[in-house]
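2 protein chains.
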Amino acid sequence: MSWIAADWGTSRLRLWHLSAADELLDARSSDEGMGGLAPAEFEPTLRRLAAGWEATTVLTCGMAGAKQGWAEAPYRPLPCPPLGPGLTAAPAEGWTVRLIPGLSQAKPADVMRGEETAIAGWLAANPGWDGVICLPGSHSKWAEVSAGEVVSFRTFLTGELFAAIAGHTVLRHSVGGDEIDAAAFDEALSEALSRPEQLAARLFSIRAEGLLSGLPAAAARGRLSGLLIGAELAAARPWWLGREVALIGAGPLTALYARALAAQAVPTRSAESDPLTLAGLVTAKRLMEGRS
Amino acid sequence: MSWIAADWGTSRLRLWHLSAADELLDARSSDEGMGGLAPAEFEPTLRRLAAGWEATTVLTCGMAGAKQGWAEAPYRPLPCPPLGPGLTAAPAEGWTVRLIPGLSQAKPADVMRGEETAIAGWLAANPGWDGVICLPGSHSKWAEVSAGEVVSFRTFLTGELFAAIAGHTVLRHSVGGDEIDAAAFDEALSEALSRPEQLAARLFSIRAEGLLSGLPAAAARGRLSGLLIGAELAAARPWWLGREVALIGAGPLTALYARALAAQAVPTRSAESDPLTLAGLVTAKRLMEGRS
Numbered sequence: 001m002s003w004i005a006a007d008w009g010t011s012r013l014r015l016w017h018l019s020a021a022d023e024l025l026d027a028r029s030s031d032e033g034m035g036g037l038a039p040a041e042f043e044p045t046l047r048r049l050a051a052g053w054e055a056t057t058v059l060t061c062g063m064a065g066a067k068q069g070w071a072e073a074p075y076r077p078l079p080c081p082p083l084g085p086g087l088t089a090a091p092a093e094g095w096t097v098r099l100i101p102g103l104s105q106a107k108p109a110d111v112m113r114g115e116e117t118a119i120a121g122w123l124a125a126n127p128g129w130d131g132v133i134c135l136p137g138s139h140s141k142w143a144e145v146s147a148g149e150v151v152s153f154r155t156f157l158t159g160e161l162f163a164a165i166a167g168h169t170v171l172r173h174s175v176g177g178d179e180i181d182a183a184a185f186d187e188a189l190s191e192a193l194s195r196p197e198q199l200a201a202r203l204f205s206i207r208a209e210g211l212l213s214g215l216p217a218a219a220a221r222g223r224l225s226g227l228l229i230g231a232e233l234a235a236a237r238p239w240w241l242g243r244e245v246a247l248i249g250a251g252p253l254t255a256l257y258a259r260a261l262a263a264q265a266v267p268t269r270s271a272e273s274d275p276l277t278l279a280g281l282v283t284a285k286r287l288m289e290g291r292s
Numbered sequence: 001m002s003w004i005a006a007d008w009g010t011s012r013l014r015l016w017h018l019s020a021a022d023e024l025l026d027a028r029s030s031d032e033g034m035g036g037l038a039p040a041e042f043e044p045t046l047r048r049l050a051a052g053w054e055a056t057t058v059l060t061c062g063m064a065g066a067k068q069g070w071a072e073a074p075y076r077p078l079p080c081p082p083l084g085p086g087l088t089a090a091p092a093e094g095w096t097v098r099l100i101p102g103l104s105q106a107k108p109a110d111v112m113r114g115e116e117t118a119i120a121g122w123l124a125a126n127p128g129w130d131g132v133i134c135l136p137g138s139h140s141k142w143a144e145v146s147a148g149e150v151v152s153f154r155t156f157l158t159g160e161l162f163a164a165i166a167g168h169t170v171l172r173h174s175v176g177g178d179e180i181d182a183a184a185f186d187e188a189l190s191e192a193l194s195r196p197e198q199l200a201a202r203l204f205s206i207r208a209e210g211l212l213s214g215l216p217a218a219a220a221r222g223r224l225s226g227l228l229i230g231a232e233l234a235a236a237r238p239w240w241l242g243r244e245v246a247l248i249g250a251g252p253l254t255a256l257y258a259r260a261l262a263a264q265a266v267p268t269r270s271a272e273s274d275p276l277t278l279a280g281l282v283t284a285k286r287l288m289e290g291r292s
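Taken in order, these protein sequences are the chains called A and B. So that you can map any letter, position 195 of the first sequence is 195 in UniProt numbering, and since no number is skipped, the others follow by simple counting. So that you can map any letter, position 160 of the second sequence is 160 in UniProt numbering, and since no number is skipped, the others follow by simple counting.
Bound-form chain A, shown alone (with noise of 0.2 Å):
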């Protein structure tokens, strides 16, 4: 019987459908995130979105598994596995749908969902791999991986720090577009990794030289995230000090990370994040039937 693979995120909905043997049969994506979905709009949005695939098992990872989400899956506590026993059912008629859970860790405090599915893709694509992964995004994650577990990760608000202060603070005026000066990226990149706590000051600083000297929309964007880019690097230099680190993610904000991580002379090794959660829901399905 083929099979519905799914990755459930925030913002995002991205399904495969697969073959019994785990071949690619065909892929779709929407912007039907969980943010914007109540729990009962999971089943039809699924079955809108499948239509036409005979599939009726789904297996599913990220934020479909969050309190608001369509079921509420535990999160495994660390030291563990990336993928282990134990979904969590979710409701509708007649199909199979099975919710991988997240991750905690106690101390600090930390979360994550859907990110331990890709992760498991990059152990199964680089099997016996140990080191630092570090996944960018609306909510950055750096994840140690020691002998086929996880052992600790931490999450920085750094991508939704960058929307929030480009959208509803003074700086709106400053940052229009999309492009980034890579000068100005580096040299704030630096600034903040040098002195990590004028973050504040220097933000403001982006806008005073909009109004005093000009600076164009895309230096002050470029500023703007090699701030927020460098504090997270200030803050996260143990996890890639000496180390090489495995990039996951795609698109411009994750060369960034790439760019910002050759400055500091740290290797790093990137992949696409898409694949990488596919080959993790397909190790998910294979452990769930006793495959693996």
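It is worth saying that the hints were derived from the structure and are not from the lab. Hints should not be assumed to be uniformly reliable.
Same chains, same label: a pair holds when it works inside one copy or across any pair of copies.
Computed cross-link-like contacts, SDA-like style, restricted to lysine to any residue with a CA-CA straight-line distance of at most 20 Å [to be verified]:
1) 67 <-> 11
2) 67 <-> 170
3) 107 <-> 79
4) 107 <-> 74
5) 67 <-> 217
6) 107 <-> 213
7) 107 <-> 211
8) 67 <-> 209
9) 285 <-> 98
10) 285 <-> 54
11) 107 <-> 212
12) 285 <-> 50
13) 107 <-> 216
Model the placement of chain B on the given structure of chain A, informed by the hints.
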């Protein structure tokens, strides 16, 4: 002739009606701040709020003089006294309207509009005073005053950061209500002062503790406030270490700054900002007329 003193900020407008001898006759305020007004709307807004007052001379400080305000008043570069000659005229049929210029600092780039008038009011009430002034707010300011001149200042985005994070990130689920738990504030303040670079990670911990251990909203709000004010104090350390600080502001926010500085054994003298701004406007009027 009686006249009108105005403090036209981003979100609020305050008007005072004063006699020719600068005695207070009446006061009014509204939420028609500069942020919600087009340039042509300033004059009718003023006439409506001042209806019935027999005065046609208006002296205003604040964001009415911003580029997007009533008329652009230039910045005066540091070092300089908080008020000086050179006012900008704004168009108003049959009225005399004058805007007080803001102050600018070249390096680090910084600007203020309105706080210079409160600082002038503080100096009018404390002649010959030298020292550090902190003005908490959406854009907190720290200013060094010496021999009647503002010699340097620094703006922190702290208040706007609080609003943007509390309203537009995942923390909005955690920090509802208005209450601030004082113990949570104190603990977060101390954490932020000792390791300010951990800000972005500590912010996400507020959410994680809400999910994992049901952190109450007042504690989450106290934590967020303590982290952000602590980050500001960490960056502003050279301004307050071993000094007395004049705190100019109002309400619960200024009380939090007083509490935070007291925890660092920094003596503070507090003053309400509205009366000081009015005193500064009166000083500016006398300067304008050569009466000072």
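Non-conforming hints, listed in increasing numerical order: Of the numbered hints, all hold.
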